[in-house]
Every structure is written in C-alpha cells, then in structure tokens.
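Novice: Next come the chains, spelled out residue by residue.
Number of protein chains: 4
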Amino acid sequence: MQYADIINRWQQVRQRSVAIAAPLSAEDCMAQSMPDASPIKWHLAHTTWFFETFILEQFEEHFQPFHQDFRVLFNSYYNGVGDKHPRPQRGLLTRPALDTVLAYRQQVDARIRRCCDSVKDPYFFQLLELGLQHEQQHQELMLTDIKHLLSCNPLYPALYVSPANPASPADLHPLATTCAALAWQQYDASLCEIGHLGKDFCFDNESPRHRQFLEPFQLATRLISNAEYLAFIDDGGYRKPTLWLAEGWDWVRQHDLQHPLYWRPDPQGWQEFTLHGLQALKLQQPVSHLSYFEASAYAVWADARLPTEAEWEYAASQHETEGQLSQLFDSCWQWTSSSYSPYPGFVPATGAVGEYNGKFMVNQYVLRGASAFTPAGHSRNTYRNFFPATARWQLAGLRLARSQQDPEE
Amino acid sequence: MQYADIINRWQQVRQRSVAIAAPLSAEDCMAQSMPDASPIKWHLAHTTWFFETFILEQFEEHFQPFHQDFRVLFNSYYNGVGDKHPRPQRGLLTRPALDTVLAYRQQVDARIRRCCDSVKDPYFFQLLELGLQHEQQHQELMLTDIKHLLSCNPLYPALYVSPANPASPADLHPLATTCAALAWQQYDASLCEIGHLGKDFCFDNESPRHRQFLEPFQLATRLISNAEYLAFIDDGGYRKPTLWLAEGWDWVRQHDLQHPLYWRPDPQGWQEFTLHGLQALKLQQPVSHLSYFEASAYAVWADARLPTEAEWEYAASQHETEGQLSQLFDSCWQWTSSSYSPYPGFVPATGAVGEYNGKFMVNQYVLRGASAFTPAGHSRNTYRNFFPATARWQLAGLRLARSQQDPEE
Amino acid sequence: MQYADIINRWQQVRQRSVAIAAPLSAEDCMAQSMPDASPIKWHLAHTTWFFETFILEQFEEHFQPFHQDFRVLFNSYYNGVGDKHPRPQRGLLTRPALDTVLAYRQQVDARIRRCCDSVKDPYFFQLLELGLQHEQQHQELMLTDIKHLLSCNPLYPALYVSPANPASPADLHPLATTCAALAWQQYDASLCEIGHLGKDFCFDNESPRHRQFLEPFQLATRLISNAEYLAFIDDGGYRKPTLWLAEGWDWVRQHDLQHPLYWRPDPQGWQEFTLHGLQALKLQQPVSHLSYFEASAYAVWADARLPTEAEWEYAASQHETEGQLSQLFDSCWQWTSSSYSPYPGFVPATGAVGEYNGKFMVNQYVLRGASAFTPAGHSRNTYRNFFPATARWQLAGLRLARSQQDPEE
Amino acid sequence: MQYADIINRWQQVRQRSVAIAAPLSAEDCMAQSMPDASPIKWHLAHTTWFFETFILEQFEEHFQPFHQDFRVLFNSYYNGVGDKHPRPQRGLLTRPALDTVLAYRQQVDARIRRCCDSVKDPYFFQLLELGLQHEQQHQELMLTDIKHLLSCNPLYPALYVSPANPASPADLHPLATTCAALAWQQYDASLCEIGHLGKDFCFDNESPRHRQFLEPFQLATRLISNAEYLAFIDDGGYRKPTLWLAEGWDWVRQHDLQHPLYWRPDPQGWQEFTLHGLQALKLQQPVSHLSYFEASAYAVWADARLPTEAEWEYAASQHETEGQLSQLFDSCWQWTSSSYSPYPGFVPATGAVGEYNGKFMVNQYVLRGASAFTPAGHSRNTYRNFFPATARWQLAGLRLARSQQDPEE
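Protein chains in written order, with the working numbering: chain A, -17 to 391; chain B, -17 to 391; chain C, -17 to 391; chain D, -17 to 391.
Calculated directly from the structure, the hints in this document are not laboratory data.
Backbone N, C-alpha and C define an ideal beta-carbon position, used for all residues, glycine too.
Check before you lean on any hint, since a few could be wrong.
Straight-line distance between alpha carbons at most 27 Å, and here's what the computed BS3-like set of lysine-lysine pairs gives [said to hold, decoys possible]: (1) Lys222(D) / Lys66(A); (2) Lys102(A) / Lys181(A); (3) Lys222(C) / Lys66(B).
Label pairs and their calculated CB-CB ranges [said to hold, decoys possible]: (4) Gln108(B) / Arg246(A): 38 to 46 Å; (5) Thr372(D) / Val143(A): 53 to 61 Å; (6) Asp238(C) / Gln261(A): 30 to 38 Å; (7) Thr372(D) / Arg235(B): 22 to 30 Å; (8) Gln46(B) / Val143(A): 19 to 27 Å; (9) Arg246(A) / Gln168(D): 23 to 31 Å; (10) Arg246(A) / Arg69(D): 33 to 41 Å; (11) Ile(-12)(B) / Asp312(C): 54 to 62 Å; (12) Thr372(D) / Asp248(B): 34 to 42 Å; (13) Leu164(A) / Gly336(D): 22 to 30 Å; (14) His237(C) / Val143(A): 38 to 46 Å; (15) Arg191(B) / Asp312(C): 49 to 57 Å; (16) Gly333(D) / Gly218(C): 41 to 49 Å.
Rough simulated footprint, nothing fancy, chain C against chain B, three-plus residues with beta-carbon under 8 Å [what the hints assert, rightly or not]: (17) 59 to 65; (18) 213 to 226; (19) 343 to 352.
Please construct the entire structure, taking both the sequences and the accompanying hints into account.
Specialist: What follows is the structure, encoded as structure tokens:
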C-alpha cells in the first residue's frame, strides 16, 4: 500500500467510529447494558488506547501518554499490559467525559500521523493495520452494543430518527430482498485447503492455511428467514426438549425464552426492535440475533444441521468463481457447528498482541460471513468470528447444511 | 404556614435539588453504581414524579401527564401506582436526557404553582409538604449516591473542585471540631414518651406518641472518632470473630472487609475519599460510612453497646433543655440497636402513599440524628431513618451507650 | 436438685435423642436437606460433642477425646473452640458411621457419670444443665429437620408408620381440638416486668428481668387455624403486594410461594405432609410452618398485627392465674413482631459458651410459646425462640394481636 | 455372541457393580458430594432402571414395574421418558433403602433372564448390550464419585483398607511403572479414517466412520508424570495468565486453584488422596484429575499442545500394529483439543435412547483412551469420552502433541 493510501485509510476508519457515535448523546455513550457489551465512549477510548499502547509506546520518540491512568482504564483484556478496569464496571466511568475521549482520539491521531512520517520499520505499519482492523471490529460492536442498550429502555428510542434522513446510515440495515424458495447446493467429497492465503492482512487465527478433508455435503443457498423461523416458533419449537442441546434446553427454560432477542409480541403481529425503533417484523428478511442454541434447535427441527466452518469456507471460495450462494456477507453472521480452536500449526503473535485471539479458543463457536453491521472491506472468506453459544446480541443468523452420501461411493 | 411561606419553601427545596446536580455533567447524572443507589437524573425525575402522580393527578383540572411513560419509569416502589421500571436498571435510562428531566421539573413546578392558587383542600397542602419532605430525603441520597459513584472511578474525581471555591457547598462537610475525651451522660430509669408531638409535619412512622419505660443507661456525649476507630482496626478488630454478630462476621469474611467504606490505605497514612476527592484521613472527625455490623463490633470491643432508639430520643429531648450532648444532628447518623418496627398503634397513611414507610419494617435498623448531608430543617428528635445492617454508603457513625444498675435499686 | 434427680434427668434426656432416631435408618440419619437443617447423626454427635468439649475437657481428669477430629467435625458455630466443619457439608460425613456416633454417645455418657461422682464444683452442674437444655433444643430440631428431609422425597415416606402403633410417639402431633370462634382478651396499659425470675435454669438471653411499659392491647385467645389461613389464600393473599412487607413480597414472588411449606394441592382437597405421611389437611388445627412474612401478611389481611414479645410474655404470665388463653405451648411457636435483641443489661455467658445466643441477635424474629415438637418440660413464659423471617420448616404459627386505646384515657 | 456368552457377560457386568459397592456402608452409598456426582445407590438403581425402562417395558409380557415411582426417581436425563428427579437432590433419597435397591436389581435381573429365554428380536439383544455398556460407564463413575465424596471428609477415609487385602480391588490403581524420558513419535501427513468399523458394539457418537486429513504431527509416547506437573507448579504455572485460556484463568483465580484436585500440601511433601486414603504423591505416575484448562496450560508451558481426537485415534490405530505408544488405556483418560461434536453424517439412535449422546455435543471436550477405573473390555481406539473444561474429578491426564512441517513439503 502506498503511503498516501495508508493515511487515507487511516483517516477513513478513524472517522467512521466518530460518525457512528455522532447521533448519540454523551449519556447514550456512557451506559453499559450488560457485562458483555461496552459503552460507546469506552469503545472510542479503547480503540485509541490500542494505538497508543501497542504502537506509540514503542515507536514514538519521547513517549508521553495522554493520561497516565488510561493505560488501566481502557485496557480490555491484555494481561501482558498490566492491570485493567473490571469489565462489568465500564459503565461507571462518567469521567473522563466524552469530550475528553474525543480529544484523546484527536491527539493520538496526530501523534500517529507524525510517526507515519518518520518511522520506517515495517512492523510499525503491520501494527497500524492491526489497529485499524481492531477498530473495525469495534465498530460492529458499537452498533450491536448501542442496539442492546436502547432495547433495554422501555421507550424503545431509535438511533436513526428516520430512514429518509440523509444524515442517517440507513444502509446499515439494507435487508430488503424478497425471499426465494430454499435451495441446496451440492458439494462432493474433496480434500480442500482452508485458511488465509497471500500477503493481505489477516488475523493470526486464520492461519496457517492447511488441508481438510470434507465428506460430501449440501449447503442452503440462502439464510433462514423470519417467516421460516416463525413457523418453528408456531410449531412449539421453544417447548420441545428433543430439538435442543441439553445445555441449551436448560438455558431456554431458565430464562423462559420464546423468541429471538429483539422480537416483541404485539396484538397486531410481531414487532422487532431495530436501530430505527420498534417496527413490524419483516418476514422475508433473514432471522437474526439468534444464539447458537436457537440456530441448532431450528436446524434439528428442519431435519438439517449447521455447517462446519471448513464446509462454509470451501463453499464460499467456490462461490467466488461460480456464484451459487447468496447472503454470504451482507445480512447476518452464520453460526457454524465448529468450536473455535486453533488451526494445526497455529502460532499466536508475539508479545501482548498475542492475547488477541488464541486465549479465547474454548467454549465458543465460530461464525462465518459478515453482517449488515460489518464495515465495508472488513469481510473475507477466511474470517473467523466467534461467540459463546448463548450470545444473542450479535447479528447472527443461520444457513442450513446437510450431510449426504458421496455419490461416488 | 402562610401561603407566601409555602411558595417560598417550595421554591427553595425544589431549587436545591437542581443546585446539587449543577456541578455534575449529564454523564455523571446518568450512572448507577449499585442497585441500592440511583442516578442523579433519576432522583431529579422521581421527586417530580411524586408531585405529578400523588398531587397533580388528583388535584389538577384536565390532568395531562408530561410524558405517559414516566409513570412507570420513575415509580420507585409504589405497587399501588402500578408497574415500575426495575431498580437495578435505572442506570440504563440514557433517555429521557437530563435536559428533558429538567424541563419536566420546570413544567411540574409551574403546574403545582397554579394549583396552589386554585386548590383549597388542606389535603393538597399536606401532600405538598410530604412531597417536599420526600424531596429532601432524596437530596441526602443524591449526595451519598454520587459519592459512591465517584468512589468507583479509579480517578477518584472530586465533585467540588476546591473547598475555597465559592460555588461549592463546602458547608456540606464541616466536621472540623477537635475531639474531646469521651464522656458519659447518665440517665435514670424513667417512664418516658417518644414519638412525634404537635402539629408540625412528621412521617407516619414517627407516630403515635407513646410511653416506653427505660432502665437506667448512659450515653456518650459525642460520636466515635476516626482516631478511635483506627485503634479498633489496629487491635485486629476486623479479624476477631468474638466481636461480631455471627451474620456480620460471615459478611466481613465474604467481602474481606478491613476498614470503613471510603478509607484507602496509603504508604503515607490512611486516605479517605470525599466529595472533595481523596484526602488525608481527618482523625478527630467522627468515623462515618459504617455498617450496623461494624458499629456493633466496635461497641463490643469498647465494652459498650449501641443505644436503643428510645434511649436516643429521650436523651435528645433532654438535651434541648440541658444541652449535654454534642454531634446529634450535624455530623453522622447514629446507628441504634433498634430494629425498625411499627410503634404501638401505628396506622400507615391511606392510599398508595401508605407504602412510604410501613412495608419496610423488617430486617432494617433505625438510625437517629442527622448528618452533614441532611438538608437544613430536615432533622428532629423523633426522626427515624433506617437501613439494612450491611449498608455502608450512608453517612452513618456511632454513639456508644452503656446499661447501668439503677442507683435507687 | 438432688444428685439422684440429676442422674435421672440426665438419662431421660439423653435417651430421648436416641429414641427419636430409633425408627430411622442409618441412611435417613445421614442426609442433609438444606444448609439450615442438619442430619440426625450430626445432631446426635454434636449434642455429645457439647458435653465432651465444654464439660469433660475442663473437669475430667486425664481427658482423652473419643476421637481427635470430632472437635472440628461436630463443632457447630463456636469460634472460641477453633475450626469447624462447613455447615452445608454436614450431609457428606458418611464416616463416622451412625454406630460409631452411638458408641460415642455411650462413652461420653459413662465419662460424664463418673464426673458426677467426683466433681463438686457447682459450675460443673450448671454446664451439665446447659448441655441438657441444649440437647432438648436439638431434639426439636431433629424432628423439624427429618420432617423437611422426608418432605423432599417424592415418595413422602412416613416416619411413624401408623398413629395406632404404640412404639410411635403419636403424641408429638396431638392437635385434635376443635376450633372455637376467635375471641380477644383485653389487657390494659401497664408497667410490667419481663424476663426470667428465680433460680431455675434459663438461657442467658432471657435475662435480666426488666421493666417494660405496655400500651393497651388485645390478644386472640387461640391460634389461627388452617381453615382461617385457607380463607386468606382463597382471597388471593399470596397475590396482593399491599398485604406484605416489601422484602417478603420479593421473596414470595421469587420462590412463587402459594401456600404453607407442607401443604400440597390435590384434586380431592388440600393435603399436608406430616411425620405420619401425606394426610388430608386438618382444617380445625392451627396453621403451622409459616414464615414470619406469611404470618405478618395474614395479620394485615385480618386487620390485626403480631404481638410483641413483651405483650406475649405479659399475657402468658397473667394466664397462669387467670387462664384466658389457649394453645400457648402445645401446638405451634408463635411469631412475634419483636426483632431478637438483647434485653437492657444483657451480659453473655463467659467463655466459648457465650457464643450460644448473643451473636445471633440481628435480623431474626422472636417466637414465643412452644410446639408439639418441644420436649416436655422445656417450655416457659420467658423462653425466646428466634428464626429469620423466611424460616418455614419450624412449627411456627400465629396468634393475632390488636392495639387499642386505653379506656382510661 | 452365543446365548451362553451373553448370559455370562450379563452376570459378570451386573455383579461387578454390586462388588464395587460391597466395601461401602449404606451411608456411604447415600451421599452426593456435588451435583455432577451421584450417590452409589443411585448408580445401582439407575443402571437397573435403564434395563427396566428401555427393555422390559417393551419386551416383557404383562410388564409390571418394580415400583411405580422409580420411573421418575431414577431417570437421569431422558426427556422422552417423562419427568425426572432433580439431579442435585439425588443425595436426599434416603428411601428407597440400599437393601431395596439391591432387591430391585435382583428382581430386574431375573426378569431380564426370563426375557432372554423367550425374546428373539435382535433389537432386544442390541438394547441389552447397550444397557451393559451403559452400566460399565457407570461403574467408572461410581469409583470417581465415591472418591470425590470421601475426599470431602476431613477424615480422608480409605475405600480399600489395605493394598494387601485380597478383598480389595487393588488392581484398580496399578500405576507403578517408572517413568521414561519423554519421547516423540512422528506421524506424516495423511488422509486417515476415524470412527468405528465393524460389527462390534459402539456408541452412536463413534460413527459413522469417515475420512479426515491430518497435517504432520508428533505425539508423546507416554503421559505427563506427577513429577513433570510439579515442575510446572514450581515454575508458577498457576500464577501466569499467559499460559491459560482466558476462561480458564478466570476460573483458576475465582477458585484459587494451585494444584490438581486431590493433591494436598504437607510439610513432608505432597500428599495425594486415593481410594486407599491419603498417600505420598507418586512422582513417576501420570498426573491425573486435571481439568481441560490445567492440561491446556501445562501444554502451553511445555511448548506443545493437546492432540486432536483424530490425531489420537489415528496414532492409536497405528500403535496396534507398531506399538510406539504407552499408557493409552491403562492409566488416565487423555484430554484432546477437540470439542465434542457430531461426526459428519452422525444420526442419533431413534427413540428416547437417542438422547444418550447427541444432546451433549456442546461446550464439552473429548477425552480419549481409558483409565485405571475403566472396566476391563470397555475401551477401544474409537471411544469418545467427554466432559466440560472444568471437570476435575475424573481420572484425566494429558499426552502432549506437537505440530510439525511435513518433511515432504
């Protein structure tokens, strides 16, 4: 990438975070609705902390932190960096004020720009790219976290006042296509390769590229729609233990779950909470905000299963040339049946940055694709998203798979 | 009270709430540090809700609520009023904004003022007084709650930038007197009367006035100081089970408590978090922010006990004429050994307002006196404050008592 | 008491504990149904531990413990004695076997008897009496604890196979009287004395005797019956928040309580689990196994209140000469509105025995009278039983009280 | 299998369960030390319930259950069978007595034997074999559960009084071999087949046999020893967050773990609790009773990793002909890095028996091999054991693996 391109990309990514927060008040940016979610202000500060801690501390001459205590306040989970503010208490940080955090961003941006002029070490630019990719991940979380926060308010406030408002990023939720009949794409048995290839950026968990053997399988050419999921509910899906994984059934009973996270029953039909407020449920759109447990139960009910991540990635790479599949990256993340674990030969990055991915490889399930909340340019076939089986506040839906005897056998 | 006096008092009390919030940002006013505490914004709204719900709804012609959903959002615990927003989620109400709540206050103030001109029913003025007394109680909670919130921030921000700043209510913490040697005031056995007398306002829990027989006792003429409490700590007070009530000991072990809530160990001596930030512990001042359990353990260690509320009230009424005691109302609330229970013949107020006091009369202990955070004019001998035995975030200290054989026997 | 009397009493009390356990298997004696309850085997061992630890260790020449580890295993809560086995894990002590515990009892009994012959110190005999009183308290707990354990078994096994069986203590539940109309006994205002008087044994919490002033009140001449409590249920008593203390309402909602602990709905009418198995509810008998919260809610519903412990004791002492009240000691303990707290001038016993009562004087409520499970000779007017407001597995019912204006005023 | 062989095998397996319980008292057989573990009596009854419910109910003429309520009491987790007694309350079932459960076993055994004479349906014999395999699984759990129970007793009672006692199954813990230097066996990249092959019994989770591609890897030829694990502890292994999975680190901190479950520090060196009581730690034996988290942390510390289950199975199948590995089946189960998930094409068994395996395929990790507690004849290369990452009470150790570049590449 050319120098001008880097600076350009730098500015675009950093500005988009501020743009996401723009329609929000300082109060909106302060609250934390659950330990899994973070305040918008914290996201704005933490992504800046990442650049200050992992890049400026190493590459800036006469390094002086913006504020000494921010090293602890905005550390998320890096034990290699030292102490961290307890995650469930991020919503108590009324100070520093949002304005101070925005000033922090500006100051760090200026310092990074100066380093770009002077530093020649390629590792500097690798870390810079990592920081931008990291920030893009947080941009998606900003949207899922503010959506969750607003959904906890009985007033159901809308982040975007009107879809027609030119200032609002209405394109964040463009799921308007009509739903075709569910079709299946067939894949023969094959020894495939998965994992990142080439020189472009990837996270360490996408490598090394390696071989996997796939028995023959089929993949649905589109995601499951709200209408289809409603049929599952109407058939008593949330009341039949035989459809559920045992742990999922206990969890569903304990929380008395009866529908996806943001659905609201209403005398006039199902409503769904969105960033534009409470709206009539759009039946033709992909169902989203499902947990792994719900996705799995639906698949059992539909006499199918979730794909493995290798199946998904192989099919997605085929799609690049043959185009059989839809809704791979533009609607919802897609749960796979694959536990998040290291690829054979996986080596975490060195230093504190090595905590980025590897240490979470337990009791989480991989999601593939991308969602309407994913920043442009931040998706690829090999990308591995991951969440625990109970996570519902992400834009996660499902694409069905089926095993099938290899016709050659 | 004359009409002009009522309007005057009305304005003073209502303005003081806004004044307490004045040095705070909208972010500061939004956060809730624990389920027991509430956001400042919530206090500002709830005290207004009290007037709108219990007075305007009944006395205003063509009643129109400021906002239909506020009836639920800002109901604290009145089942008679209907649903209420869950207490632990008060910190998620980023909307309505602080500005909207301030507008809500102004609108209700104007409507109340209009009613004052037209309504003649004395019950209207009784409820008005109840609403003001209620707001004064919340003014004290605003200070204890914001203190707790700021103490959770590792930056230990100060609410009042400097004691010398004329804009800051430095008088809220005027505990500057030097500590005299502990002396004991003797009270003979007597059949006394306690409970409210006269026509002035009191809460329902202060009545009816009734007789109690007191065996002879002694009361310390001042509160226990930080220096004295430090001696208790240094003597291993937090490590000796024999000093503690059994439930208190389990609680101290479970939370590994070793000092009062806002004390912080420091190489240069104990620090204490205050509304002016972290400061060196003032040894001559009364120890505060004690739980009932800590107060009780100190009393056992000091070979004394806590007074009963009848002993306290009787001594305070004697003091009015004879002046033997100090620090009754100007420093800290004083834990008594009395469980919060109804006086003989107690009858709660009718209607939803009857939930104000009576339903809390279990597993709480009475505190008497008042604190440096108590609004001027809001204290009296018969006032019954109450909190659970583990509450530490209130300005609660202790005054020792001793039983003694009646010399006449 | 004469020497022969002491030995005689000693044998009777000790043998009764073994008799209670006689119809039970070793398995029955092992299980612990909740942390509040203890296994029968543990009761048998702990009461013996009490004699070994507090008497033999002090008075026996060449003291040798039966088993070195029993000092920890069977210590209940005496911090002065050292470590103790965690209460919730008493049901894991499959060893020592029940037979070993019975041998422990026999050995300690023999050693105590030898000491009776040689020791002349009156304190020895005081501790002996305390140990027997302690054992009688545990005899009541053995019955309530085994009842709770058996109630957890879906087979609802009966401890006593048949009421007609001469070997079964059918007299433990002799509540067969027919219910008279509820009448009220009037008591004028008076300065009374309460607390233990005389030389007979009492627990330290019953002293010192002291004066209390009682405003005029009325007391129901009998307990509330199952039929009356059923009317409360049928009137929606468990669904009306206004009847309940706030903490009680939260607790009732959280556990979805709808009736007393051992009642079971049945198509043919209410059943109640008893030590004789599941039986049709006896409507004329006093309602029992109520929590304080349930007793309080019933009293509010009945437009009455619970008595204070001073009112109860005063009325009971009047009853001795005038006989106005029934069911004082033969049916159920009676909740009072009095928090368990020290009498003025209370001084705990010295040494580890001093932990017996005083340290529990917080967040508990006093029950007066006695129950059908109380050993003969173990009840008196001044006896103070106490449990937390949620305790339901004791034989606790309620007697109503009412305040009334003194006719002389 | 011939008819006589079936009867013979039937008797042997059923008798072994009773033999395991033989040295235990009825009290020992009653207690449940944690929700994950079950009482021995429950195991004895549940394995019998399995035959009565899944076989006799279907194949016995004029089926009459031994006891109507046992269907619920001894159902473990089969929703298809109806209600079940809550798992955490299995230790409260003092009735039925152990003797009744033994009588239940004998009666069901007799009924099954009669069916063997009359029923010709091959599905009957398939279910019979499933029942025996099920019982063998419970035999291992009986040993791990009783070990856990006895470890909770401060007396540390020994199940087997002396290793020399001919009545005690000393062979259950024969880990006496001396430890060789850790060597690595090399495996080239290959397309292998895993999963059950042939007509012998296997659980449904072992099928279908399918292809997997393995990148080159190395496997340690023996398990990690206590001495090696001690070096990890001495190097601060339990205090270094970088060695641990994030969730594991939180769990270790929360429970303050510092060593394997049954190790006990002692002034004279580490002790380990065993079924023979507390003994000096045998340094040359494989470390056992590790959680997945501990196994994973050790592997990171040793610059290695856990094997996948496919690697393990492939290596084990090679071992059958070439014999490179030791301690595959005779010491400890071996944690793999593989999440427990369905094989491609997996179809659960039909009917309630289908709940046996499939519904647990989430948030669990596969263990391979077998342990000293595994019944003879109950281990095979394809066997998939599974437990959550925190399970410590099983005989689980670890065998290291390493990735390596394929030398051919």
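Novice: So if I understand the rule, the pair passes when the alpha-carbon distance is 27 Å or less; does Lys222(C) with Lys66(B) pass?
Specialist: Between Lys222(C) and Lys66(B) the Cα gap is close to 16 Å, so the pair holds against 27 Å.
Novice: Given a hint of 22 to 30 Å, does the C-beta separation of Thr372(D) and Arg235(B) actually sit inside it?
Specialist: At 25 Å between Cβs, range holds.
Novice: Decide if the proposed pair is consistent with the structure: Lys222(D) and Lys66(A), CA atoms, cutoff 27 Å inclusive.
Specialist: holds, 16 Å
Novice: With respect to the beta-carbon atoms only, verify the hint that Gly333(D) and Gly218(C) lie 41 to 49 Å apart.
Specialist: holds, 45 Å
Novice: The hint says 53 to 61 Å between Thr372(D) and Val143(A); measuring C-beta to C-beta, is that right?
Specialist: Given a distance of about 47 Å, which is not inside 53 to 61 Å, the answer is violated.
Novice: Between Arg191(B) and Asp312(C), does the beta-carbon spacing fit 49 to 57 Å?
Specialist: The hint (49 to 57 Å, Cβ to Cβ) is violated, given that Arg191(B) and Asp312(C) are roughly 39 Å apart.
Novice: Can the suggested window of 38 to 46 Å be confirmed for the beta-carbon pair His237(C) and Val143(A)?
Specialist: holds, 44 Å
Novice: Assuming the hint says 30 to 38 Å, is it satisfied by the Cβ distance from Asp238(C) to Gln261(A) or not?
Specialist: For Asp238(C) and Gln261(A) the Cβ distance comes to about 35 Å; the hint holds.
Novice: Determine whether the Cβ-Cβ distance between Arg246(A) and Arg69(D) falls within the hinted range of 33 to 41 Å.
Specialist: Taking Cβ atoms as reference, Arg246(A) and Arg69(D) lie about 35 Å apart, which means the hint holds.
Novice: Does the Cβ distance between Thr372(D) and Asp248(B) fall inside 34 to 42 Å?
Specialist: Once the Cβ atoms are compared, 39 Å apart, the range 34 to 42 Å for Asp248(B) and Thr372(D) holds.
Novice: Between the beta carbons of Arg246(A) and Gln168(D), is the distance compatible with 23 to 31 Å?
Specialist: violated, 59 Å
Novice: Within 38 to 46 Å: is that where the Cβ-Cβ distance between Gln108(B) and Arg246(A) falls?
Specialist: holds, 42 Å
The structure fails to meet hints 5, 9, 15 from the earlier list, while all remaining hints are met.
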